[in-house]
Amino acid sequence: MTKKVTANVVGVVLAVFFAFPVYWMLSSAFKPTKDLVSSDYDLVPLSVTATNFATAWNKPGFLGAMGNSLFVTLGAVLASIVVGLLAAVAMSRMRFKGRKQFVLLMLVAQMAPFEALLIPMFLMMRDLELLDRLPSLILIYFAVTLPFCAWTLRGFVNGIPLELEEAAMVDGCGRWGAFRRVTLPLLGPGLVATSVFAFVTAWNEFLYALSLIKDQSKETLPVWLSGFQTAFGTDWGGAMAASALFTLPVLVFFLIVQRKMVTGVTAGAVKG
Amino acid sequence: MTAVHTTDAAVPTNSSAPRRAAPGGAPRRRGSAFDRLLPYLLLAPALVAILWLIGWPVLSLLVTSFRQLNLKELTRGQVVWVGLDNYTKIFAEPEFWTITVRTVVFTAAVVAVSVVAGLLIALLMRQISPVVRVVLQIAMLLAWAMPLLAATTVYQWIFDQQYGILNKTLVKLGFDGFAGFSWFTTGTSTLAVIGLLIVWQAIPFLAFSLYAGVIGIPREQYEAAGIDGASAWQAFRNVTWPEIRPLLLMVTFLSLLWDFKVFAQIWAFKKGGPDGASTTLPVYQYLEGISKSHFGVAAAVSVVMMALLALLTFQYLRRLLRQEGSL
Numbered sequence: 001m002t003k004k005v006t007a008n009v010v011g012v013v014l015a016v017f018f019a020f021p022v023y024w025m026l027s028s029a030f031k032p033t034k035d036l037v038s039s040d041y042d043l044v045p046l047s048v049t050a051t052n053f054a055t056a057w058n059k060p061g062f063l064g065a066m067g068n069s070l071f072v073t074l075g076a077v078l079a080s081i082v083v084g085l086l087a088a089v090a091m092s093r094m095r096f097k098g099r100k101q102f103v104l105l106m107l108v109a110q111m112a113p114f115e116a117l118l119i120p121m122f123l124m125m126r127d128l129e130l131l132d133r134l135p136s137l138i139l140i141y142f143a144v145t146l147p148f149c150a151w152t153l154r155g156f157v158n159g160i161p162l163e164l165e166e167a168a169m170v171d172g173c174g175r176w177g178a179f180r181r182v183t184l185p186l187l188g189p190g191l192v193a194t195s196v197f198a199f200v201t202a203w204n205e206f207l208y209a210l211s212l213i214k215d216q217s218k219e220t221l222p223v224w225l226s227g228f229q230t231a232f233g234t235d236w237g238g239a240m241a242a243s244a245l246f247t248l249p250v251l252v253f254f255l256i257v258q259r260k261m262v263t264g265v266t267a268g269a270v271k272g
Numbered sequence: 001m002t003a004v005h006t007t008d009a010a011v012p013t014n015s016s017a018p019r020r021a022a023p024g025g026a027p028r029r030r031g032s033a034f035d036r037l038l039p040y041l042l043l044a045p046a047l048v049a050i051l052w053l054i055g056w057p058v059l060s061l062l063v064t065s066f067r068q069l070n071l072k073e074l075t076r077g078q079v080v081w082v083g084l085d086n087y088t089k090i091f092a093e094p095e096f097w098t099i100t101v102r103t104v105v106f107t108a109a110v111v112a113v114s115v116v117a118g119l120l121i122a123l124l125m126r127q128i129s130p131v132v133r134v135v136l137q138i139a140m141l142l143a144w145a146m147p148l149l150a151a152t153t154v155y156q157w158i159f160d161q162q163y164g165i166l167n168k169t170l171v172k173l174g175f176d177g178f179a180g181f182s183w184f185t186t187g188t189s190t191l192a193v194i195g196l197l198i199v200w201q202a203i204p205f206l207a208f209s210l211y212a213g214v215i216g217i218p219r220e221q222y223e224a225a226g227i228d229g230a231s232a233w234q235a236f237r238n239v240t241w242p243e244i245r246p247l248l249l250m251v252t253f254l255s256l257l258w259d260f261k262v263f264a265q266i267w268a269f270k271k272g273g274p275d276g277a278s279t280t281l282p283v284y285q286y287l288e289g290i291s292k293s294h295f296g297v298a299a300a301v302s303v304v305m306m307a308l309l310a311l312l313t314f315q316y317l318r319r320l321l322r323q324e325g326s327l
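Quick note, the sequences are listed as chains U and B, same order.
Just so we're aligned, residue 1 is where the first sequence starts under UniProt numbering, counting upward by one.
Just so we're aligned, residue 1 is where the second sequence starts under UniProt numbering, counting upward by one.
Some hints here could point you the wrong way.
Dumping the calculated DSSO-like pairs for lysine-lysine here, alpha-carbon to alpha-carbon at most 27 Å [unchecked claim]:
id, chain 1, residue 1, chain 2, residue 2
1, U, Lys59, U, Lys214
2, B, Lys168, U, Lys214
3, U, Lys214, B, Lys89
4, B, Lys261, B, Lys89
5, U, Lys34, B, Lys168
6, B, Lys261, U, Lys218
7, B, Lys261, U, Lys59
8, U, Lys218, B, Lys292
9, B, Lys172, U, Lys214
10, U, Lys218, B, Lys271
11, U, Lys34, B, Lys172
12, B, Lys271, U, Lys214
The following residues of chain B were derived to be distant from chain U, with all beta-carbon distances above 10 Å [as the list claims (entries may be wrong)]:
id, residue
13, Pro45
14, Ala139
15, Asp160
16, Arg219
Only some residues are given here: those of chain U computed to face chain B with a beta carbon under 10 Å [what the hints assert, rightly or not]:
id, residue
17, Ala15
18, Ala19
19, Val37
20, Lys59
21, Leu63
22, Gly64
23, Gly84
24, Arg93
25, Leu251
Don't read these hints as lab results, they were simulated from the structure.
Small disclaimer: the values here were computed from a predicted structure and weren't measured.
C-beta atoms are modelled at their ideal positions from N, C-alpha and C, and glycine is treated no differently.
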């Protein structure tokens, strides 16, 4: 009995450990500056203000950066899901010469250290005349996420019995019809889980966004946020509000797809 | 999608699955030219993308590492081969070895802590009441969902010298020495804070994955172990461990890949400072390449990074390849 109580107490302590920084970001964002810089502090804000959010919102570039991030992220996610799904179907459903080699390529490509490929990428984008342009980031994030997406989706397609498709074909569907009506809907959670992974990767990316984009009107949210700190020095309230604005869309998205995502990520990525 | 769509019109005759399912493949001649082509058509976009956007940069990185390539050569488009000069230059630098050792130790520590903690939390989640479990899971989801740079900013705020809640709390508890204490005067404590941040964000994925593995173990196996009079530790050793070992290896491998390459958090905290004391290889190659425009040297550093990563994961990758080979 006491063992059970101990376990629960540890669980609660851990929950506080994980949630605290998120809570502290939000509560700091709502506090007036004088409360933030006093030597004392209150765990629950005593006075609440929206000034910090106004500061962050009005700092030049927020909406632009949000738009840039969404454009780049969605572009990359869409591309790697479509291209990855095509490859996954081929790898999982078809037997052909070179299949094994291709599967190996997908594995090895996941090891590509993109942080180390910065310079060749830089030169490549220069030659393509894509420096300082957002499509360069779409291409790169697409390449970063593609091997993982194809690999994971392959696991999900493997998990759907081929007999279902065959049954649909007996009932008069063409191969594409059977795939679209039977397999594609069953792939739903897999597609969600894979997209979330690609989304988070692209949404978070900092190094390439920092190095390839110099034009301030084209910067993405991570770069915008990192600029916030130097620009405002010790305005922690503003920085926290900006972080909260940056976090909120992802948080909402995560909580919505949470169930599918958790089972999906593990089932697909790990069971391969 | 277009590539798939064409199948609809093109292969109405051959409706049987493109697998070895049909006994005696000989009669399946008609329309099979397209059939044989189809997998390659489906793979083509991915193959082109990978060779072009990953393969080519890797190749060109290798080539660049044998060239002298600074801003001057870059703008003039000069090609100056220097053989192994870049490598001998970085290997002669004592700082490079310090950074390499630091990177490996830091990666190992972060991976070990987060994998072990992730496993313990996965096991804990099986023990606790459903309410606490849901609360813990939501808390972990919050940490997981927080964008990297936002999380980094919050940690900087918590550890802030003047106004951070950590110092304020420590002072309240009577540790007056922490008034205005800076956590970022040494590389070790800077990396410790960054490591904590990375672990905090890494655990949720690990815990969720391992929890999925743990609850997948059939209950009968534990019951059988219980009948045999196994202790909790023995049950773990003989039932849990063999079942989750492959999963554990997989997530350790992924963590290794991810944590070895950490850049954004380190850069955002102190740009590798103070005095380069929290610089790791990714930061080093960024400083050499982008800040100092020594592209050849930076490429050599990157090649060493890739070699190191390959070395660190070699054993596991070989296992994985062997498994895949049997498919």
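For each hint given before, does the structure comply? Return the numbers of the non-compliant ones in rising order.
2, 3, 7, 9, 13, 14, 15, 20, 21, 22
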